[in-house]
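Each chain, letter by letter, is given below.
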Amino acid sequence: MTEEILIAGFGGQGVLSMGQILCYSGVMQNKEVTWFPSYGPEMRSGTANCTAIISDDMISSPIVNTYDTVIVLNQPSMDKFEQTVKPGGLLIYDSNGITRHPVRKDITVCVMDASEEAVKMNNTKIMNMIVLGGFLKMKPIIALENVLKGLAKVLPERYHKLIPLNEQAIHKGMEIIKVVK
Amino acid sequence: MTEEILIAGFGGQGVLSMGQILCYSGVMQNKEVTWFPSYGPEMRSGTANCTAIISDDMISSPIVNTYDTVIVLNQPSMDKFEQTVKPGGLLIYDSNGITRHPVRKDITVCVMDASEEAVKMNNTKIMNMIVLGGFLKMKPIIALENVLKGLAKVLPERYHKLIPLNEQAIHKGMEIIKVVK
Amino acid sequence: MSELIKPENLVYQKSKVLTDKVMHYCPGCGHGAAHKMLAEAIDELGIQNETIGVAPVGCSVLAYYYFDLDMTEAAHGRATAVATGIKRVMPDKYVFTYQGDGDLAAIGTGETIHTCNRGENILIVFINNGIYGMTGGQMAPTTLEGMKSSTSPFGRDIKTMGNPLKLTEIVAQLKGTYYVTRQSVHTPGNARRTKRVLKKALEYQKLNKGTCFVEIVSNCPSNWKMSPVEANKWMEENMFPFYPLGDIKVPEQ
Amino acid sequence: MSELIKPENLVYQKSKVLTDKVMHYCPGCGHGAAHKMLAEAIDELGIQNETIGVAPVGCSVLAYYYFDLDMTEAAHGRATAVATGIKRVMPDKYVFTYQGDGDLAAIGTGETIHTCNRGENILIVFINNGIYGMTGGQMAPTTLEGMKSSTSPFGRDIKTMGNPLKLTEIVAQLKGTYYVTRQSVHTPGNARRTKRVLKKALEYQKLNKGTCFVEIVSNCPSNWKMSPVEANKWMEENMFPFYPLGDIKVPEQ
Amino acid sequence: MKELKLMKGNEALAEAAIRAGSDAYFGYPITPQSEVIEYLMAHNPYERTGMVVLQAESEVASINMVYGAAGCGKRVLTTSSSPGISLMQEGISYIAGAELPCVVANVVRGGPGLGTIQPSQSDYFQAVKGGGHGDYKLITLAPATVQETVDYVKLAFELAFKYRNPVMILTDGIIGQMMEKVELFEQQPRLTEQFDWATKGKVSGKDHVIITSLQLQSEEQEKVNLRLQAKYREVEKNEVRYVTHHCDEEIDYMIVAFGSCARIAQKAMEEARKQGIKIGLFRPQSLYPYPYDAINKMAGKLKGILTVEMNAGQMLEDVKLAVNGKTKVEFYGRFGGMIPSPNEILNAIKTKLIGEK
Amino acid sequence: MKELKLMKGNEALAEAAIRAGSDAYFGYPITPQSEVIEYLMAHNPYERTGMVVLQAESEVASINMVYGAAGCGKRVLTTSSSPGISLMQEGISYIAGAELPCVVANVVRGGPGLGTIQPSQSDYFQAVKGGGHGDYKLITLAPATVQETVDYVKLAFELAFKYRNPVMILTDGIIGQMMEKVELFEQQPRLTEQFDWATKGKVSGKDHVIITSLQLQSEEQEKVNLRLQAKYREVEKNEVRYVTHHCDEEIDYMIVAFGSCARIAQKAMEEARKQGIKIGLFRPQSLYPYPYDAINKMAGKLKGILTVEMNAGQMLEDVKLAVNGKTKVEFYGRFGGMIPSPNEILNAIKTKLIGEK
Amino acid sequence: MSESVLNFKGENTMAKKGQVVINIERCKGCEVCVVSCPNHVLALAKEVNAKGYHFAVAVTSDCVGCANCAVVCPDAVITVYREK
Amino acid sequence: MSESVLNFKGENTMAKKGQVVINIERCKGCEVCVVSCPNHVLALAKEVNAKGYHFAVAVTSDCVGCANCAVVCPDAVITVYREK
Ligand SMILES: Cc1ncc(C[n+]2csc(CCOP(=O)(O)OP(=O)(O)O)c2C)c(N)n1
Ligand SMILES: Cc1ncc(C[n+]2csc(CCOP(=O)(O)OP(=O)(O)O)c2C)c(N)n1
Ligand code: SF4
Ligand code: SF4
Ligand code: SF4
Ligand code: SF4
Ligand code: SF4
Ligand code: SF4
Ligand SMILES: [Mg+2]
Ligand SMILES: [Mg+2]
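Protein chains in written order, with our numbering: chain F, 1 to 181; chain W, 1 to 181; chain V, 1 to 253; chain X, 1 to 253; chain Y, 1 to 357; chain C, 1 to 357; chain L, 1 to 84; chain E, 1 to 84.
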């Protein structure tokens, strides 16, 4: 199993940490992982993205041409990355602020109202965990328990009390993700 | 004609300018010339030397193995450079302060009491011109008039009044040089 | 009330010495206001075509996109050397540098002091936000005692990291400087005063009397991890006591 | 009177902190006297085995041959950075730099100021002879107005070459410095005072209170083109008025 | 106890420096490597091991602090990225000339000038041919993974002290910024050895210690250089490091690439092999000393070599020097912060090496 | 009016700079090249032509002053020697990246580190491979005589403006300190052209001018690099310069040497020819672009090539790259400020090339 | 441009009325203008612009055209008109 | 080491007598000692040493062993003895 994932959105949306949590979770499940962020000027201009690769085998290139899964959380990312989904691959997007919906026919497209759900859950910070839940629903490559272990690794001790909330968010994401085509 | 000359002595003895005057004179006589000084730490430690090459042809290397003429004005220079005279070449030295006289048999050795003469002439600064005179006596490669023209080039206008004194010194040098062996 | 909106009622608009590019600065960052005041000063003096600016690395590295002026991007810390090079071959132009505190007071200390000491006839605009903004909030020479940054995560410790440095007070003592002042741009009054100060400094440049040095104490909401309004308040309460606003060296009239 | 010459009558001899190497300095050069005073200070404090010296390029680049101390030769201008590196990993040693004015006040300005501003617990000995001795008498930042040098052959022109720089007064204002003073070594009295000052500075180093900075106004007979005695007189008449001797910053007792 | 962690390359480098028993770090922030000093400042090495961390006022100051501390016989390192490394060239030359051990990591970004902060390998020449003045060499290690970054920090200190020579770790924005699993080696003790050659306060009865790169007499300076050259020959004999993939099989073609770029090339190679192309990958891990002989040996049996770099063709010259005309050497590169994709490299294999149109 | 003078290399360089119509010189003293600024300060260029001369506070400041002034479309130069040139590497990389014209002369001394002030050629790599970061190239000219020094100052400015690229004059302590006859070219007028690309105050109706080496987007930075590479290909096509001695005759052997060292080698070659050895001399005058093709063409008909340098073997790599295995390439060098004598070279011809014992 | 308005809070004491035009697409929602308005004319909108910022809007008609808001706006997005 | 001798010129007012030993081969003839001696004990010799310098010598027996000359000698070539 090798899953090559791109996650892209605005800086504040937790795009980078979502990728990290995924990788930590992979480690907990004894996978090989690499995570590579966009860094630099984009960050100040408000957009960010990262590549996460999770595999049973040694990972050669951290840089890939196309992705098994692309997760986009804003319009500029949609514009830029729709084309990078592998034929037959998966595109997940959050509907909030998306004005031009994806057009590709050769891939699976899923939509989530994750931002909205996060607002409902009174914590915009967990939006990325909702999305992560959606992704795991579609690609159950990592067991939930390992995701929670991964979270425990990423979060400083003093935030461990938030793990249940995160778990809730993941479940919510699994619930709300919708296959569009 | 190619004459490769080394001049060596204490810093204040006018070693470098003697080489320069020789080269300027050469230029006045339409020769090719190069002049290359020792530079750097030796200067602060009080010794100095320079190579002057005067030739009818283009000069390739400014650095040579051995010299047609070596002029030494102190003991350290004698120690260092006696061996660099070409077989059959010329070694000229000022007797003042020399404790170990030259030993080579395969070269012509000349001695001068130039420092003493300079003191007598009431101008220690012209010692080097006396030595130059001695050299020109032995190797009349440049006509005196061209040496005087060369001097006129080297000396700033305001010192031109000193040219006659220099001429005198050259004559004196031609007079006092003695072939030892 | 839209009948008010007609050219003859216009009282304030973006200076034409600024281009139309959207500035990349974070919301509320003082760089924008400082740019504006400098642009307005140049505009009001009518010297847009006679001015050459130098901005080194730092958040304002792209200042050349925002000022509608001939501009040179300088290596970190070397803006005043670059400006010296420009001014020496273009003595009739107005030359300014626009530098951050990391730039001017850390790696550029030598150039800053020697440029001021030579009394180069340039204007140095020094944006002191107490931090390396561009690179993500590391400690600057100007970072206050106890202040947290990504390289002083437990607060600046004087014992191991040294003291906050007031380079402005130092250059004021050099004979080469003509006018040295410290201002801010976070309130309307301060911003307007800064513009007047910058105009004066540029006017002095005509007189070839020496270096004019204008420090602007500014904020970095992103790396201070505050909202812009909080940041400005924090600046007033913490930066100003240590870096008091006002003239430090004024020409004898 | 040679019966006087016996060990118990000995009142002055070369310090054992100096090696037997003949110093390469020109006749009458102040570097020699300054070396001696520093060596005697170290000797009298009994810290020869606990002292590490740093001398950068300049005429005193070979100081490592003359001090019988562990020594590091530093790149031009970087002596205080090198000393910082040493002191930080060897905090129990006495660390000093011995730097010329070209070194400390031109290319090394940034390092000098930041070292002092950090308050590194080192001693900086600053030999100000108003010229680049080593390289043949070029203008230094400290060269006086009107003073001739090989790069100011018509005398230093303030307008184009800038002002003589008093870096000692500047570092005195930095919080990191603990003791800052200006001395000379050209008369017996001055030399002895300088030794006392150097001893004091080294003693302070034990207290970890910050940087001690001792400027020694000195001569360069060769490049000033004077005899040593003339040079010392010229120094008194021209250098001292601009660089007045005396303490600039003393620890509050 | 070895520890498995998921870490950013830069942070792993910092942690490895602490664990390698470093005595001091001096550095100045610059993207993409500021995480090194940030990690150090946050992780209290002084309390953990007594390691000193200081943010210098510039890269010039950093490298000279390194010089001073290295001269005390301590384990010292600095890190920077391209423009900052350029500023260190005089200092690096001094350290090499004075024969001091130290580690310098360059997390390369795209140049020239201010360039871009994105990953690049365009400082290869600077690292291996000598960016500073004079005839010196930096032992240069090029990690391709976060794990190698960690391991090379330890190795770099070992080599630095073995040869009393500065060692450069040449990495880039990809490796510095990416996170991977790493196994951290155990905390090494800090050095207690008092080296004869180090300044530490004169030892009574012994000669005082002098750290210098100066020799006024050319004769002496030449001796220093001859000693350096002899040392470099030793290094060239002992410290060549590389890995190969499929190179001991029957292959027609070979890619040579280093660092992060080699991993991208590896993916391209795997794809090419799937498509039936007999191709291997040669990855130098030490850039100086360069594996000239190993490449030369391979060259005889190959139809061609493709050098892939994130620059305009720098290691290419060393590959050509190694091959010495034995087979054709082609080049594919992206630069200015652009990262070649595996597909592009695959394409270059086909068009440049095999000659497909 | 052309003028014949006897001048020191450094002074001739300074006088040539004035006559070439330079607008500014920024520099810092260092042996063996301080005569350049000393001559300029003494010879009133400001009064003669309006040329500005400023002693900067450091080499770092010098090169950045050069950058600023060069960006104004002016003829600007600086000079230094090895350690000072190392300090300029960041600035040189910026100038190359921003595509500005300027001239930098390096009067090389022995390294590494503080080294010695005696002549050397050990900064060859730094000059031609890029001592600074990033993929840039300096056009590099190596004069062998005082006359060439003078001529190359003028040529350097022409090339700098033709390609908007920094040009390095790589000379050494021998050429800087020696006196020879020179014919000085006539005073050239200073530039009056107002270049589009230069900062000079915004021209109404035109876009404001930006001098920068920064591109935040890698795509843009790659474009810059591609433009640079295209320019370098042009330079390589047009600006290769070399002279040969006896190379068009029937020869078995050839010496390759540059700068002052080539003149010493010439004397050795003359002696060797007297002794019946069929040998020629190839002297590259441009070190970048390097005369690869010309040497490659020669290589086929030679039994061997001897590269002679005052370093540990740097240009040697370019000779090998040129020869590409066609014939053997040997090396003779002295370093650390030592100057090889003609006899030593003659000896190397016999032992290394011909194989005499 | 009078600075006297600085001394007043809340109440419009100037004879002439003013109006601000805010380029909301370029506004970054920093709120610096909001706290600088002596007449509490401005506030951040609930909505966000394309960049995701809550932009500034005039919420009262008390603007006197003093330009304080415009002067401090770091992004130069406010244009001010005043009856003359 | 008393500095009081500084106040005296020419005359030896100290009770005890002194003597200097000058390492003439290392002396550079700078004359700094000469002008520093309160008792005019020292002068430069007519002769030169191997380095070519006119070295310093004691020309009177008025030395009081104050060490002034030795302290200022840049080349540390003077050793001083004083009757105790
Ligand atoms: C030689 C070099 N070193 C380091 C850097 C990285 N760098 C870029 S800007 C900067 C400091 C920015 O801080 P400041 O000057 O205070 O400007 P601000 O961003 O705060 O406005 C640094 C360290 C660089 N570009 N070049
Ligand atoms: C980077 C660099 N630039 C320039 C030099 C040349 N240099 C050596 S010492 C020196 C200045 C010496 O003057 P100062 O520091 O005043 O010492 P002094 O000789 O007067 O005692 C210079 C410019 C150098 N060695 N390295
Ligand atoms: S990082 Fe700080 S200084 Fe830079 S733009 Fe953002 S707020 Fe302004
Ligand atoms: S050149 Fe000057 S400073 Fe240097 S040793 Fe001679 S007198 Fe002293
Ligand atoms: S111009 Fe701006 S600050 Fe002034 S009253 Fe109107 S909205 Fe308020
Ligand atoms: S100050 Fe400008 S950018 Fe900030 S909220 Fe007001 S209008 Fe928007
Ligand atoms: S010790 Fe020296 S200074 Fe003192 S009296 Fe004797 S000779 Fe004179
Ligand atoms: S001071 Fe010393 S060196 Fe100078 S003349 Fe006297 S003894 Fe000689
Ligand atoms: Mg800042
Ligand atoms: Mg000096």
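By construction, these hints were calculated from the structure, which means they are not laboratory data. Glycine included, C-beta positions come from ideal geometry on N, C-alpha and C. Please note that a few of the clues may not be correct.
Taking CB as the label site, the calculated pair distances span [stated by the list, open to error]:
(1) W:D57 <-> Y:A294: 50 to 60 Å
(2) Y:L191 <-> L:A50: 30 to 40 Å
(3) W:K161 <-> V:P251: 47 to 57 Å
(4) Y:E250 <-> F:P156: 26 to 36 Å
(5) C:N44 <-> W:N30: 27 to 37 Å
(6) W:H160 <-> C:N44: 17 to 27 Å
Far from chain C, some chain Y residues (derived; all Cβ distances over 10 Å) [stated by the list, open to error]:
(7) Y94
(8) E219
(9) E317
Mind listing which of the numbered hints don't hold for this structure, in increasing order? 2, 4, 7, 8 and 9
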